[in-house]
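Knowing the structure of chain R, use the given hints to seat chain Z on it.
There are 2 protein chains.
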Amino acid sequence: MSETAPHLHRVVIVGGGFGGLETAKILKGANVDICLIDQRNHHIFQPLLYQVATASLATSEIAWPIRSIFRDRRDITTILGRVVGVSVQGKSVFLDDGTAVPYDTLVLATGVRHAYFGHDEWEPFAPGLKTIEDATLIRRRILLAFERAEREQDPARRAALLTFVVIGGGPTGVELAGTIAELANTTLPQEFRNIDTTTSRIVLIEAGPRVLASYPDDLSDYARTSLEKLGVEVVLGRPVKACSADGVVYGDETLPAATIIWAAGVRASPAAEWLGAAADRAGRLQVLPDLTVPDHPEIFAIGDTAAIAGPDGKPVPGIAPAAKQAGAYVARAIKARLEGKTFAGKAFPAFIYRHQGSLAQIGKSKAVIDFGWIKLRGWLAWWIWGIAHIYFLIGLRTRLSVALNWLWIHTFNQRSARLITQRDELGASKGPK
Amino acid sequence: MSETAPHLHRVVIVGGGFGGLETAKILKGANVDICLIDQRNHHIFQPLLYQVATASLATSEIAWPIRSIFRDRRDITTILGRVVGVSVQGKSVFLDDGTAVPYDTLVLATGVRHAYFGHDEWEPFAPGLKTIEDATLIRRRILLAFERAEREQDPARRAALLTFVVIGGGPTGVELAGTIAELANTTLPQEFRNIDTTTSRIVLIEAGPRVLASYPDDLSDYARTSLEKLGVEVVLGRPVKACSADGVVYGDETLPAATIIWAAGVRASPAAEWLGAAADRAGRLQVLPDLTVPDHPEIFAIGDTAAIAGPDGKPVPGIAPAAKQAGAYVARAIKARLEGKTFAGKAFPAFIYRHQGSLAQIGKSKAVIDFGWIKLRGWLAWWIWGIAHIYFLIGLRTRLSVALNWLWIHTFNQRSARLITQRDELGASKGPK
Numbered sequence: 001m002s003e004t005a006p007h008l009h010r011v012v013i014v015g016g017g018f019g020g021l022e023t024a025k026i027l028k029g030a031n032v033d034i035c036l037i038d039q040r041n042h043h044i045f046q047p048l049l050y051q052v053a054t055a056s057l058a059t060s061e062i063a064w065p066i067r068s069i070f071r072d073r074r075d076i077t078t079i080l081g082r083v084v085g086v087s088v089q090g091k092s093v094f095l096d097d098g099t100a101v102p103y104d105t106l107v108l109a110t111g112v113r114h115a116y117f118g119h120d121e122w123e124p125f126a127p128g129l130k131t132i133e134d135a136t137l138i139r140r141r142i143l144l145a146f147e148r149a150e151r152e153q154d155p156a157r158r159a160a161l162l163t164f165v166v167i168g169g170g171p172t173g174v175e176l177a178g179t180i181a182e183l184a185n186t187t188l189p190q191e192f193r194n195i196d197t198t199t200s201r202i203v204l205i206e207a208g209p210r211v212l213a214s215y216p217d218d219l220s221d222y223a224r225t226s227l228e229k230l231g232v233e234v235v236l237g238r239p240v241k242a243c244s245a246d247g248v249v250y251g252d253e254t255l256p257a258a259t260i261i262w263a264a265g266v267r268a269s270p271a272a273e274w275l276g277a278a279a280d281r282a283g284r285l286q287v288l289p290d291l292t293v294p295d296h297p298e299i300f301a302i303g304d305t306a307a308i309a310g311p312d313g314k315p316v317p318g319i320a321p322a323a324k325q326a327g328a329y330v331a332r333a334i335k336a337r338l339e340g341k342t343f344a345g346k347a348f349p350a351f352i353y354r355h356q357g358s359l360a361q362i363g364k365s366k367a368v369i370d371f372g373w374i375k376l377r378g379w380l381a382w383w384i385w386g387i388a389h390i391y392f393l394i395g396l397r398t399r400l401s402v403a404l405n406w407l408w409i410h411t412f413n414q415r416s417a418r419l420i421t422q423r424d425e426l427g428a429s430k431g432p433k
Numbered sequence: 001m002s003e004t005a006p007h008l009h010r011v012v013i014v015g016g017g018f019g020g021l022e023t024a025k026i027l028k029g030a031n032v033d034i035c036l037i038d039q040r041n042h043h044i045f046q047p048l049l050y051q052v053a054t055a056s057l058a059t060s061e062i063a064w065p066i067r068s069i070f071r072d073r074r075d076i077t078t079i080l081g082r083v084v085g086v087s088v089q090g091k092s093v094f095l096d097d098g099t100a101v102p103y104d105t106l107v108l109a110t111g112v113r114h115a116y117f118g119h120d121e122w123e124p125f126a127p128g129l130k131t132i133e134d135a136t137l138i139r140r141r142i143l144l145a146f147e148r149a150e151r152e153q154d155p156a157r158r159a160a161l162l163t164f165v166v167i168g169g170g171p172t173g174v175e176l177a178g179t180i181a182e183l184a185n186t187t188l189p190q191e192f193r194n195i196d197t198t199t200s201r202i203v204l205i206e207a208g209p210r211v212l213a214s215y216p217d218d219l220s221d222y223a224r225t226s227l228e229k230l231g232v233e234v235v236l237g238r239p240v241k242a243c244s245a246d247g248v249v250y251g252d253e254t255l256p257a258a259t260i261i262w263a264a265g266v267r268a269s270p271a272a273e274w275l276g277a278a279a280d281r282a283g284r285l286q287v288l289p290d291l292t293v294p295d296h297p298e299i300f301a302i303g304d305t306a307a308i309a310g311p312d313g314k315p316v317p318g319i320a321p322a323a324k325q326a327g328a329y330v331a332r333a334i335k336a337r338l339e340g341k342t343f344a345g346k347a348f349p350a351f352i353y354r355h356q357g358s359l360a361q362i363g364k365s366k367a368v369i370d371f372g373w374i375k376l377r378g379w380l381a382w383w384i385w386g387i388a389h390i391y392f393l394i395g396l397r398t399r400l401s402v403a404l405n406w407l408w409i410h411t412f413n414q415r416s417a418r419l420i421t422q423r424d425e426l427g428a429s430k431g432p433k
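Chains R and Z, in that order, give the protein sequences.
Its first residue numbered 1, the first sequence is counted upward by one per residue in our numbering.
Its first residue numbered 1, the second sequence is counted upward by one per residue in our numbering.
In isolation and in its complexed conformation, chain R is listed as follows:
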């Protein structure tokens, strides 16, 4: 795309998530020509996306234009475009408008979408949470359910409108369920005249035996009892059998519910298909210990795009710090190669993931943290969670703005971003637009 001196090594990074951004950042000063491609113009701070879905934060507080992040990096060209394929022979990435973007080194950091275990027909009824649009849609559905309940005369239908089901007991599911419970129990009660929003049922369904399965048992238990105190019904060991406009079927039960949110499974983007390379069951590329694709040392895959084994043999978790570590590793590997460095006569050492800890918020003043060497729960964990997340946001303005919003939620139970906007094809047939 851009005119550059022909001798510069060209690194193409596909995906402006945590992994891709970190690769580009650490490549600073490497004397390479970087092209960063994303199908959206913004990077999202995924760990707080559930707060947009639950009307706590505005979209622009957790999203930044990618080209704005790199405005001072003249070595980076940002392209808003959708990748549709890769020519490994021709060393080119193809965009949906037919453009070919040539690379010398390719970094695939394309992330995941939610997956329905072969039941894609559930998606319209149980949207997942990966993009700003997903978050706005879920926010719309949650808020509209209360609005419709306020106008509904039929008690059964009203009960269904006031039933919110979250499927999947991982961090996103726990955080969503806890925040919806707070919305129903502390933010909204005073505002409706015909319904009592505190009678809402918030049901978290997890197929496995406990919530936050990646955490130690006692933190899982704490999370479950905290959710229950907030008014969330936690259903364990019952896989969901069907989702429809009527509600959710799990075990032998059918639960009528107007709002269903999917936080249960993900599938990697089609990067493996672009390459014709081997992938695991979730579609993640098989990579060598140096995060390159077998037989293609010029192609790296990082973050959720790659199936990476951790030092304990378990897969590296699909969380932001893991993606950032892999991104930084790849950037250093590229630099080392270009500088012709060897390491005691060997190639660049293998990627080793260092787990720094797991944090999840459950509700106001309630969080769990597992740093390995210390486990925390309750208000101290909540403060650490809050400070850590504000720290990792981009820019002082966003930090001040998010802090201001959290202060307001914490002090006044007011959520600022309670807007029902845009159209929803499913919802359009059921009530006011």
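One should not assume that every hint holds.
Stated by the list, open to error - Covered by chain R, according to a simulated footprint, are these stretches of chain Z (three or more residues, beta-carbon under 8 Å): (1) 35-47; (2) 57-64; (3) 128-142; (4) 196-210; (5) 403-412.
Said to hold, decoys possible - Selected chain R positions facing chain Z (Cβ under 10 Å, derived; list incomplete): (6) Asn-41; (7) His-42; (8) Glu-147; (9) Arg-148; (10) Leu-188; (11) Phe-412; (12) Thr-421.
Read the hints as simulated data drawn from the structure, not as lab findings.
Glycine is no exception: its CB is placed at the ideal position from the N, C-alpha and C atoms.
Okay, now just chain Z, sitting in the frame of chain R:
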């Protein structure tokens, strides 16, 4: 809808804009049962909507859930619903789901939409700015035009992508054109690698002889020259003859432009059709001096819904303070009636609009103010404009948040809400989603 004591006088207000909100506010303590109906769940601070369209503010900074504004007013029931008709005999308002909402007094405050002077076919190419969705769509188109220009190889097509046309030289048109110029000239230049965003053409087309026609001549001139200094081409006395995907035709010229924004004309909501009552050319209800509809003393029309003559014989302008004054007047009239008050043996005195002044921002440190007794321009006017607008926002959190954003824009030329989100049917065929 709600169960209320049957003897309470029932006031139904349709529309949660400035007029409807003010009516509800001033009716506090009137011992009436108020029902406030709006087709959206939020009130919008219209005067700053252009700042959402130009990525300066987030949607939630200028919009508040209506039921949240009245959370402490137990006498107000808020309904999210679309009014489709009124039975003046049956004294009921009909919603699109078939619900009938009975009233004793009806206040119509349903506002306007943009109008295309009989050329509705222009709307897809030249969207207007009245709702949050309009603002998000315009923001999307502006930002996407720069993105596409960055990838465009053909110089003519690239030039069209970098041409932004605003039709209509009223306050909204002036504010939009000025802010787009700042976006192109100060916020974006560093961020693109293949285009120079300062070469963008921002063209403001006004059919009349000057911009800000409702202001004194010298302030109009100042506004025009200020716009020109910002890089806006101001075209006067040339009505637009056509808008299409290719651009705009005005006078004898055809201007290829990918982005066109309509700020030229409005048409009142169909309130007059609901009543079968007389309306003016713009669809505004003819009202008596007490703002009631002829032969229907129980029906008031306020704000942009009504054609109201000011003390100077000129029509009352379609601005927030006028709508608020009418709303307060109607609330007091309803109270007086219910208390059986007379005024020296006569009915409630006629509504008199008091023009407090006009304010318009042109760009950074540039604004015009006409208070009648004093006219201001330049940085002092800009500060007064900014402080006045922050003052009229709802809630301390929003005020702090908007002030923070403006501080950032002013100091760093950074605009925080530069997100391309949602789909755009027109745009979808032309590039990345």
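### Task
Tell me if Asn-41 (chain R) is really an interface residue toward chain Z, meaning its C-beta lies closer than 10 Å to one of theirs.
holds (4 Å)
### Task
So, Leu-188 (chain R) near chain Z? Judge it on the closest CB pair being under 10 Å.
At 9 Å from the nearest chain Z Cβ, Leu-188 (chain R) passes the 10 Å test, so the hint holds.
### Claimed coverage, the region 35-47 of chain Z by chain R - three or more beta carbons nearer than 8 Å
n = 4 at 8 Å, threshold three: holds.
### Query
Should the hint that Phe-412 (chain R) touches chain Z count as held when the rule is a Cβ pair under 10 Å?
holds (8 Å)
### Query
Counting residues of the region 196-210 of chain Z whose CB is closer than 8 Å to a CB in chain R, do you get three or more?
violated (count 0)
### Task
With a cut-off of 10 Å on the beta carbons, see whether His-42 (chain R) makes it to chain Z.
holds (5 Å)
### Query
Are there at least three residues in the region 57-64 of chain Z whose beta carbon sits under 8 Å from a beta carbon of chain R?
holds (count 5)
### Task
Quick one: see if chain R covers the region 128-142 of chain Z, three-plus residues with Cβ-Cβ under 8 Å.
holds (count 3)
### Task
For the hint on Glu-147 (chain R), just tell me whether its beta-carbon gets within less than 10 Å of chain Z.
holds (4 Å)
### Message
Let's test the interface hint: is any C-beta of chain Z closer than 10 Å to that of Arg-148 (chain R)?
### Response
Holds: closest Cβ of chain Z sits about 8 Å from Arg-148 (chain R), inside 10 Å.
### Query
Counting residues of the region 403-412 of chain Z that have a beta-carbon nearer than 8 Å to any beta-carbon of chain R, does the count reach 3?
holds (count 3)
### Query
If you take the shortest Cβ to Cβ gap from Thr-421 (chain R) to chain Z, is it below 10 Å?
holds (5 Å)
Checked against the numbered hints given earlier, the structure breaks only hint 4 and satisfies all the rest.
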